[in-house]
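Protein chains: 2
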Amino acid sequence: MSNKPSIPKGTRDFSPIEMARRNYIFDTIKNVYKKYGFQQIETPAMENLKTLVGTGGEESDKLIFKILNSGDYLSKADEKAIADKNSTGLTRSIAEKALRYDLTVPFARYVVQNQNDITFPFRRFQIQPVWRADRPQKGRYREFYQCDADIIGSDSLLNEVDLIKIIDDVFSELFQGKLKYTVSINNRKILAGIVESIGEQDKFEQIVVAIDKFDKIDAIGVVQELKKLNISDSGIFTLSEILLSKESSTGLFTIEELFNKNKEELKSLNSRINSVNGQKGIEELEFVFDKLKQLGIKTANIKFDPTLARGLGYYTGTIIEVKIDNFPSITGGGRYDDLTGKFGLKDVSGVGISFGADRIYDVLLDNDLYPEFKGDSTQVLFINFGKAEQNYCLPLLFQLRDNGINSEIYPNAAKMKKQMTFANNKGIKYVVLVGSNEMESGKLTVKNMESGEQENLTIEELINKVK
Amino acid sequence: MSNKPSIPKGTRDFSPIEMARRNYIFDTIKNVYKKYGFQQIETPAMENLKTLVGTGGEESDKLIFKILNSGDYLSKADEKAIADKNSTGLTRSIAEKALRYDLTVPFARYVVQNQNDITFPFRRFQIQPVWRADRPQKGRYREFYQCDADIIGSDSLLNEVDLIKIIDDVFSELFQGKLKYTVSINNRKILAGIVESIGEQDKFEQIVVAIDKFDKIDAIGVVQELKKLNISDSGIFTLSEILLSKESSTGLFTIEELFNKNKEELKSLNSRINSVNGQKGIEELEFVFDKLKQLGIKTANIKFDPTLARGLGYYTGTIIEVKIDNFPSITGGGRYDDLTGKFGLKDVSGVGISFGADRIYDVLLDNDLYPEFKGDSTQVLFINFGKAEQNYCLPLLFQLRDNGINSEIYPNAAKMKKQMTFANNKGIKYVVLVGSNEMESGKLTVKNMESGEQENLTIEELINKVK
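Protein chains in written order, with this note's numbering: chain A, 1 to 467; chain B, 1 to 467.
Label-pair ranges, simulated between beta-carbon atoms:
#	chain 1	residue 1	chain 2	residue 2	range
1	B	Lys62	A	Ser6	18 to 26 angstroms
2	B	Thr88	A	Gly177	53 to 61 angstroms
3	B	Glu283	A	Gln137	51 to 59 angstroms
4	A	Ser6	B	Phe327	33 to 41 angstroms
5	B	Gly344	A	Ala413	25 to 33 angstroms
6	A	Gln399	B	Asp368	28 to 36 angstroms
7	A	Asn114	B	Glu455	34 to 42 angstroms
It is worth saying that the hints were derived from the structure and are not from the lab. Every residue gets a Cβ at the ideal spot worked out from N, C-alpha and C, and that includes glycine.
So here's chain A without its partners, still in its complex pose:
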């Protein structure tokens, strides 16, 4: 056994201060979700491997952590795969279970399995860790939390409106208006319509992949990618016009101006797209923007972005992504029309978002946006001067605790300096010093560790002071 313990690459421990910050983010998101009528569920960390594979493509399957069967797993192992040294082939015969890769697939599985007990439309939220056998790097972990909310069993666009308002509520609270962020919105049907109107439906996926790179390689780069796909010059012209319209919309606008701009762009797009599908997408977005304009927005920068694609996932309608300058997406989501089909429940439409807690954590830290977490940790420490003083202090300590004040007594009569250092390191604000004078008078000497001030207080006065 090595003497230097460590944890697996890409995983993390969370210290008390990190936990306080994380809980602050989770609680903020949770409270907003609840205000919108979402209910919490949890699913097990382990799912049957067959539930998870084949949902996100072969590349995703490789990122799934598999759990070795218990007991004598070799007795049921695939002999041929062993002989062929075929790791992928062997896995299914020795690993029936796996760690969930996201919260969406387990949710779809949950909905199908519990469909008779669920009241639809079902607004659920779920805040749990997920695991991915990704290459660890800065900001990318093998264990991280997702904070998902989905509405399943309703195709009403009011759901989209709610989700965007939730994003606005959460970041208005977390960023306190001190940080600009953009909520980019698009609709998969518009992307489909654009591709249809240039007659390249067959290349939809490749075109989307190219457009999706816009943020990394700019408009000219995207045009070059499109040329490689053998798309006609007029097709590329139409596509590049759309890409350029995106570039021109960067800047500072009032919310009113933004919504007018979004509307204009949708209109101009409408005149250029000759596709029923595309028109539908434009109408859907117009409805969402109109409602948001009616209801008002607190701090979000809402922007129509015809180049937003969000990969090749399961989205079929609205797509949403939240970004801060020079930072990867901190929240994303969209509408999917057939998430539960894989598990035998067809034609159930859903829409959802997912807050990336780890990235939000970093953004708040970088921008010094965390509140103080005083009440979370110990508020009062009794210094321990010895047996008699300890006996005097113990009932007072419990009086504080019974009044809801987090408090401790140093567990033995260590040197004064050691005890004060302990208070300092733990960020304890009040230190109570009780010697023979204090025991006689019943007045405690209370030191404020932040200001250095000392006062003589009765226990009742101390309780009122801390509260």
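With chain A held as given, fit chain B onto it using these hints.
The following block gives chain B in isolation, referenced to the frame of chain A:
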């Protein structure tokens, strides 16, 4: 892909109402932990396999879920183990990581790894799931939550006092004085002393195993087990005297009587045990009982139980176990003197407890002890009568939400009956009906779904009513 999705044996989904109940238990425990100065940490679900194995013996190692290495794991597999069909032998070469089996070992690893950043004595709590490849059965799961608190880096018995007071606080709150429970306390040194004083130190472990069965096989059964170990008649006589003293102490006592009884029993034991170790254990327990008597107990039934052993784990001092009639242990813990030694940090004493959330869940459910969780779910639903009404209701809906009231509008103009059923199923208390009359007068028709009463209220009146 099967059309009937399921989850792995021994794991569970948690529905919204189950989550509300679980969160209630976790929050109660968490708040008490904080009052006593404990700080939260979290560790990753996955640890390096070598961190986990060999801590709880070979039987425990079998219960650890191992995670298959990613990629082409067969390329580094132990060829001989494959040829020998030796599953156990192969595991180490194809699985470097594993799911944690408890929270204690990861905590010990955390302390050693972060020893330079930790202020000792360190009071940490941790509420996370653990995984065991146990045979699933009623009340025993493969994924379940532990709620641990430990104080590490202090051998003061005040820590024991705090932990027992925490148990009293938590169950006083959860059981509301309506359920009797017993906190049994012993000290490993007393067990050692008893065994020493009959001259059978060599058989300590076997004797403890036999005594540990007392609850299952009664005193006579234990005596038979001891005879099998070839213990002298006088030794068995001394041991059985102790076992019988336990039987006699069952009954109803005031707390004062209980503490006197505990003290008497300790005294009588003291006169019978001829062992420095045993005397030390008795003194330690006397200190703990004296302090508890001084500070008072809310609802716990505190009992000295010389037969309490809690398996053959790492405990070296005080041992604690909480039980309800006819139910397995719901909380347990104790002092250990060398938990971090395995990771290279010697002589660090700690003491901790662990609440068994799943069993507590069942106890509260069986005894109907959960509060109502009204505020947790949606409080107000706006019925959707169509476009005009929807537009009228939307700003009112957001006014409620901005006032912290959980509310929804039904997302489309479905049949009235469907919408009312939705409100009923989701347990929503207030339903708001807005038609042309209401839009004209500005007074909303509000139906209380519990009483059936209907009122006409302005939005401000509704906000005040719900708050």
